[in-house]
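**Q** Could you put the whole structure together from the sequences, leaning on the hints where they help?
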Amino acid sequence: MSAAGSTREALSGVAFALEEGKVGAIVGPSGCGKTTLLRIIAGLDARFEGSVALPKPVRLAVVFQEPRLLPWRSVEDNVRLVVPDIAEAELGALFAALGLFGHRQHFPNELSLGLARRVALARALAVHPDLLLLDEPFASLDAATAAALMEQITDIVEARGMTTLLATHDIDAAIRLADVVYVLSDGPARLLAAIEIADPRRRLTREAAAGIAAQIAAAR
Amino acid sequence: MLRLLSLAALAACWQIGSLFAGPRNLPAPIDVLRRMEVEALSGALFFNLGVTMLRVAAAFAIAMAIGAAIGFAMGRDRIVDRLGDPWLLLLLNLPALVIIVLAYIWIGLNEVAAIGAVALNKIPNAIVTLREGARALDPQLDEMADVFHIPYATRLRHVLAPQLAPYFAAAARSGLSLVWKIVLIVELLGRSNGIGFEINIAFQLFDMTLLLAYALPFVAIMLTIETFVVQPFERHITRWRPRAA
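Taken in order, these protein sequences are the chains called D and Y. Read in order, the letters of the first sequence are residues 1 to 220 in this note's numbering. Read in order, the letters of the second sequence are residues 1 to 245 in this note's numbering.
Just so you know, the hints here were simulated from the structure itself, not pulled from any lab data. Note that the Cβ used here is the ideal one computed from N, Cα and C, for glycine as well. A hint or two may mislead.
Estimated spans, in silico, between C-beta atoms of each pair [what the hints assert, rightly or not]:
id : chain 1 : residue 1 : chain 2 : residue 2 : range
1  : Y       : Trp-87    : D       : Glu-20    : 52 to 58 Å
2  : Y       : Ser-42    : D       : Asp-77    : 50 to 56 Å
3  : D       : Gly-43    : Y       : Ile-105   : 52 to 58 Å
**A** Quick look at the structure:
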């Protein structure tokens with residue numbers, strides 16, 4: 001697909017297919033059009049040529065880079081906004097898995113960015129999406145927070161086996177999380193390479209990771 | 001405490017002023033109080049206060065409902081905004097008196113015309129304020145609601161309304177103070193009861209005592225409502241805000 005914003009072209013001929021149940025990671029320099037790509041897939045941006053083929057019906061959830069929580073609702077009620085009849089047990093398990101249990105009654109303005117992003121993730125997971133889109137989930141987080149969130153996302157992805165597509169400028173994070181890494185060029189973005197990872201996530205050895213990193217570097 | 005002192009000073013000035021101006025131009029506070037008592041005991045004061053309050057309530061409710069709906073539509077939709085803007089400008093600049101007289105001529109000297117004219121005076125202000133509110137709505141939250149397919153009723157109540165609430169409260173506060181002043185003019189011009197009507201009689205008889213006996217309790221009630229109902233309501237709906245870092 002190609003996308004043209006009001007002022008400039010963001011994507012130029014990007015085509016890929018992500019297998020169901022797999023985690024895809026879009027990497028590329030900041031501002032290359034990763035977010036635009038996710039927005040197009042999410043149906044939030046119609047100014048593009050080409051097509052997005054999603055299985056129908058598809059339940060889609062997005063974790064935006066900004067948490068986009070309702071500041072006047074508690075953490076718990078922000079999740080309830082999207083799934084009003086969520087079971088108490090499920091809500092509890094979701095908060096426990098994301099380390100949010102003690103923050104249920106807090107309001108978004110009382111949370112750090114790392115916590116707020118987790119709430120946004122909890123909200124997205126609550127709808128049991130077939131496709132989860134994550135836009136820069138680790139951006140602007142300190143290393144420890146990012147590492148903890150990485151562990152939690154890995155657990156969830158492994159447990160649920162849901163199709164996930166994340167956009168990140170953090171190549172290391174992409175390698176540790178994805179089944180396949182899509183390398184985009186500087187904007188307007190072209191797809192430079194799609195690198196499959198045979199033994200992804202926790203089965204990925206240090207040597208294999210280094211090899212993937214080298215492949216990505218070579219592609220750019 | 002300082003406020004009470006200031007109020008006492010005002011009463012003292014009034015008392016002193018009445019000594020110089022004479023009871024015909026400025027009756028002493030105690031005379032006004034006695035007249036109030038007479039009017040209260042006859043039931044006329046409460047009846048007229050009640051009638052006027054009902055008109056205030058009706059005009060206020062109508063103006064806020066219509067003004068908020070139109071303002072929201074104009075703030076959300078550019079075409080509606082373009083179409084409505086000239087009408088809004090016209091309405092904003094029509095003097096209250098013109099609207100009132102036109103309403104009485106076209107609709108007749110009745111309650112519909114009276115309440116409608118008052119509401120029509122407030123509607124443009126409510127539109128302008130709520131339009132600002134609708135324009136300031138966070139598009140990021142809109143997208144979030146789109147992505148999660150939040151039903152429109154839920155979205156209106158939990159995503160949009162809380163964002164509009166501060167604007168609604170501001171419109172309500174300025175609206176009430178506008179409405180209760182205009183209601184008196186409407187009553188003076190075309191109704192046969194209410195505070196405005198009594199003030200008209202007082203004016204024709206040059207009866208300052210009667211005028212103040214009706215005007216002061218009404219002002220006191222409206223100020224009480226503003227202080228103890230409207231302002232706490234405003235604080236209540238914006239209560240999540242002070243949490244902001």
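**Q** Now tell me, hint by hint, if it's right for this structure.
**A** The hints, checked one at a time:
no.	hint	in the structure
1	Y:Trp-87 with D:Glu-20: 52 to 58 Å	holds, 54 Å
2	Y:Ser-42 with D:Asp-77: 50 to 56 Å	holds, 54 Å
3	D:Gly-43 with Y:Ile-105: 52 to 58 Å	holds, 54 Å
Checked against the numbered hints given earlier, this structure breaks none of them.
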